[in-house]
Amino acid sequence: MILLNTMMPGQVVLEYSYLLSAIMFVIGLKLQSHPETARKGNLWAATGMILPMITTLLLNRDEAGEAIGLMNVFAILLIIAAGAVVGSIMARKVKMTAMPQMVSFFNATGGAASAAVALIEYNKNPDQALLVGLLGLVVGSIAFSGSMIAYGKLDGKVGDIFSKVMTYVNLFFMAVIVALILVVLLAGLDAQTRTYLVYGLLVISLVYGVSFVMPIGGADMPVVISLLNSLTGIAAAMAGFIYQNEAMILGGILVGAAGTILTLQMCKAMNRSLINVIVGAFGGGGVSNAQAQGSIKEITLSDAAVLLSYSQKVVIIPGYGLAVAQAQHIAHELDNLLGSKGVDVRYAIHPVAGRMPGHMNVLLAEADVPYEQLVEMDNINPDMPNVDVAIVVGANDVVNPAAYDDPGSPIYGMPIINAHLAKNIIIMKRGMGKGYAGIENFLFFNDKTRMLFGDAKSTMQKLVSEIKTI
Amino acid sequence: MESLLSFLTANKDAIFIIVLSVFLGFEVISNVPSVLHTPLMSGANAISGVIIIGGIILVGHASTTLEWVLGSLALFMATLNVAGGFVVTDRMLEMFKKKKKA
Numbered sequence: 034m035i036l037l038n039t040m041m042p043g044q045v046v047l048e049y050s051y052l053l054s055a056i057m058f059v060i061g062l063k064l065q066s067h068p069e070t071a072r073k074g075n076l077w078a079a080t081g082m083i084l085p086m087i088t089t090l091l092l093n094r095d096e097a098g099e100a101i102g103l104m105n106v107f108a109i110l111l112i113i114a115a116g117a118v119v120g121s122i123m124a125r126k127v128k129m130t131a132m133p134q135m136v137s138f139f140n141a142t143g144g145a146a147s148a149a150v151a152l153i154e155y156n157k158n159p160d161q162a163l164l165v166g167l168l169g170l171v172v173g174s175i176a177f178s179g180s181m182i183a184y185g186k187l188d189g190k191v192g193d194i195f196s197k198v199m200t201y202v203n204l205f206f207m208a209v210i211v212a213l214i215l216v217v218l219l220a221g222l223d224a225q226t227r228t229y230l231v232y233g234l235l236v237i238s239l240v241y242g243v244s245f246v247m248p249i250g251g252a253d254m255p256v257v258i259s260l261l262n263s264l265t266g267i268a269a270a271m272a273g274f275i276y277q278n279e280a281m282i283l284g285g286i287l288v289g290a291a292g293t294i295l296t297l298q299m300c301k302a303m304n305r306s307l308i309n310v311i312v313g314a315f316g317g318g319g320v321s322n323a324q325a326q327g328s329i330k331e332i333t334l335s336d337a338a339v340l341l342s343y344s345q346k347v348v349i350i351p352g353y354g355l356a357v358a359q360a361q362h363i364a365h366e367l368d369n370l371l372g373s374k375g376v377d378v379r380y381a382i383h384p385v386a387g388r389m390p391g392h393m394n395v396l397l398a399e400a401d402v403p404y405e406q407l408v409e410m411d412n413i414n415p416d417m418p419n420v421d422v423a424i425v426v427g428a429n430d431v432v433n434p435a436a437y438d439d440p441g442s443p444i445y446g447m448p449i450i451n452a453h454l455a456k457n458i459i460i461m462k463r464g465m466g467k468g469y470a471g472i473e474n475f476l477f478f479n480d481k482t483r484m485l486f487g488d489a490k491s492t493m494q495k496l497v498s499e500i501k502t503i
Numbered sequence: 005m006e007s008l009l010s011f012l013t014a015n016k017d018a019i020f021i022i023v024l025s026v027f028l029g030f031e032v033i034s035n036v037p038s039v040l041h042t043p044l045m046s047g048a049n050a051i052s053g054v055i056i057i058g059g060i061i062l063v064g065h066a067s068t069t070l071e072w073v074l075g076s077l078a079l080f081m082a083t084l085n086v087a088g089g090f091v092v093t094d095r096m097l098e099m100f101k102k103k104k105k106a
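These protein sequence lines are chains A and B, in that order.
Per our numbering, residue 34 is the first one in the first sequence, and the count goes up by one each step.
Per our numbering, residue 5 is the first one in the second sequence, and the count goes up by one each step.
Please keep in mind that the hints were generated in silico from the structure rather than gathered at the bench.
Keep in mind that a hint or two might mislead.
To be verified - Below are the EDC-like pairs computed for lysine to aspartate or glutamate, each with C-alpha atoms no more than 16 angstroms apart in a straight line:
(1) B:K101 to A:E399
(2) B:K101 to A:E69
(3) A:K63 to B:E31
(4) A:K128 to B:E98
The following block holds chain A by itself, in its conformation from the complex:
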C-alpha cells in the first residue's frame, strides 16, 4: 500500500490520459462524419493515439511497481520508429483503387497484434485464464487470417472457393472454438493441458479465419471488409479489458460499432442478410422465368455526343468497371466539358459500388470530382424521371430493373439506381457479359437504351473529343 501511495500522482495522470484519449477518439469520429471537418477529425484521433502512447511509456508500472526500464524504452522507440516508417511508406504509395487491399492489410496487422498481446498475457498468468483474454485471442486471430485472405483476394492473389461444403466446415470450426473456450474456462484442467488447448484454439481460429473468408467474394467484399474491421476493434477492446484500460476498451468498441453499422448498411444495400453473405449462398432460391424482351441497340459516338451536349440533366452511374478501367479521370473531364456547355452533370453512387463501402466516392474524389456532385442512391432516384441521359459506366447489377420486376431473380428486392426511368440511357460496357450475379440485365433491352461497347476509358476519351468538335 505504501508503494501504491508513492506512485499515485503518476498513475492518476496515466489513467486520466486514457480518458482524454478516449474523448479524442469520440470527437475524431464525430468530426469524420462531415466532409468539411473529416480531416480535422482524423488528426484528433491520431493525437488521441499518440498521447496515451507517450504517457504509457513514461508512467506505466507493472504489479511490482517497476517502471519501464531504459533498455525497454529504447527497444520500444526503435520498433515504433520502424513500424511508423514502413506503415507510412505503404500508406503513401498505395493507389486509390487498391485502397480496399490496404485497409484489409492494416486490419490484419491490428488483429495479429491483439492476438499476440492476448497470448502473452495468458502465458504470464496461465492460472487466470479469462474469458476476455481468450476472446481477444480468438477474435484477433480470425481478424488477422481473414483479413490476409481478403487482402489476397482483392489483390487478385487468392481465388474464391465456392462450395456448399464450406458452410458445414465453418459451422464445425465455430462449434469447436466455442467448445474449447468453455473447456479451458470451466473444466478445471491442469496448467499444462490448458496451455496446449489455448494454442490449439489459436491454430483453429487462424484456420477458421481463412475458411470463413475463402468462399466469400466479388460483390460481397464490402460486407466482409466491414465485418473484419469490426472484429479487429472487438479484439482490441478485449485486450483492453485485460489491462482494464479505458482508452483501449472505448477505442476498440467504437471501431467495432463502426464496422457493424457499415456491415449492416452494406447488407441492406444488397438486400441480403448477414447470415446469407457469410454462408455464401448467392441466388440459389427462385428460378427466374422472365425472358429478355426487345433487342440490343447500339449508338454511335457522334450520336451520343450530340445527345449529351443538348441535354439539360445528365447522371453518370459508375460501377467497379470504371475503377478497373482507371476511367475516373476521363469521366471527370467529360462532366467538366458537359458542365461548360450548361449541362447539369451528377454522379449517382450505389452504396456497394466498388470493393469497399464508399470506395467509388474516393476514386472520384481522387479525380477531383467535387463531392457535392456525388449523389447517394436514395437522393437521386426521385429525380431520375427528369434526367435526360443516364450514362452507366461499368455498372450492371446495381441498375438491373429485375430487382423490381422479377421475383425469381437473385437480386429481387435489392435497392437499385433507377436508370430505367431516365429519358435516355447510354450503357458503356466491354461486351455483353453478365454482372457479378450472373444474371441477365433487362435494362440493356429497354427501348430507351443505347449501348456503347468498348473499354470504358478509351470510349469516354473518344466521346470527349467528339463532344469538343460540336
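With chain A fixed as given, assemble chain B onto it according to the hints.
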C-alpha cells in the same frame, strides 16, 4: 455460477464502459454519409491499432524470450496499423477538400 458472479462484480466498471461505448459508437457513427464510408473505415481501422498500448506495456516489461519476440511483433504490427491507417486516411480526406467547380 459463482465464478460468473465474481467475474461480473470484479469487472463491473469495464463492463459498464463496454456497454455504454456500444451505444456511443452507434450514436456517433450512424449518420456518416456514404461519401465518407471508406475514410471512416480506414480511420476507425487506425483507431483499432490502440492495441499498441498493450504492445508498449508488454515490451516494456518483457523478460522471457517469448515475451520479447511476441511483444516486439505485436508492437510492430500495431504501429503499422496506427501509422499506416492514419496516413492513408489523411491522404483520402485531403481529396475531399472543398473544390471550386470548374
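For each hint, the structure was consulted:
| no. | hint | in the structure |
| --- | --- | --- |
| 1 | B:K101 to A:E399 | holds, 11 angstroms |
| 2 | B:K101 to A:E69 | holds, 7 angstroms |
| 3 | A:K63 to B:E31 | holds, 9 angstroms |
| 4 | A:K128 to B:E98 | holds, 14 angstroms |
Comparing the model with each earlier hint shows no violations; every hint is respected.
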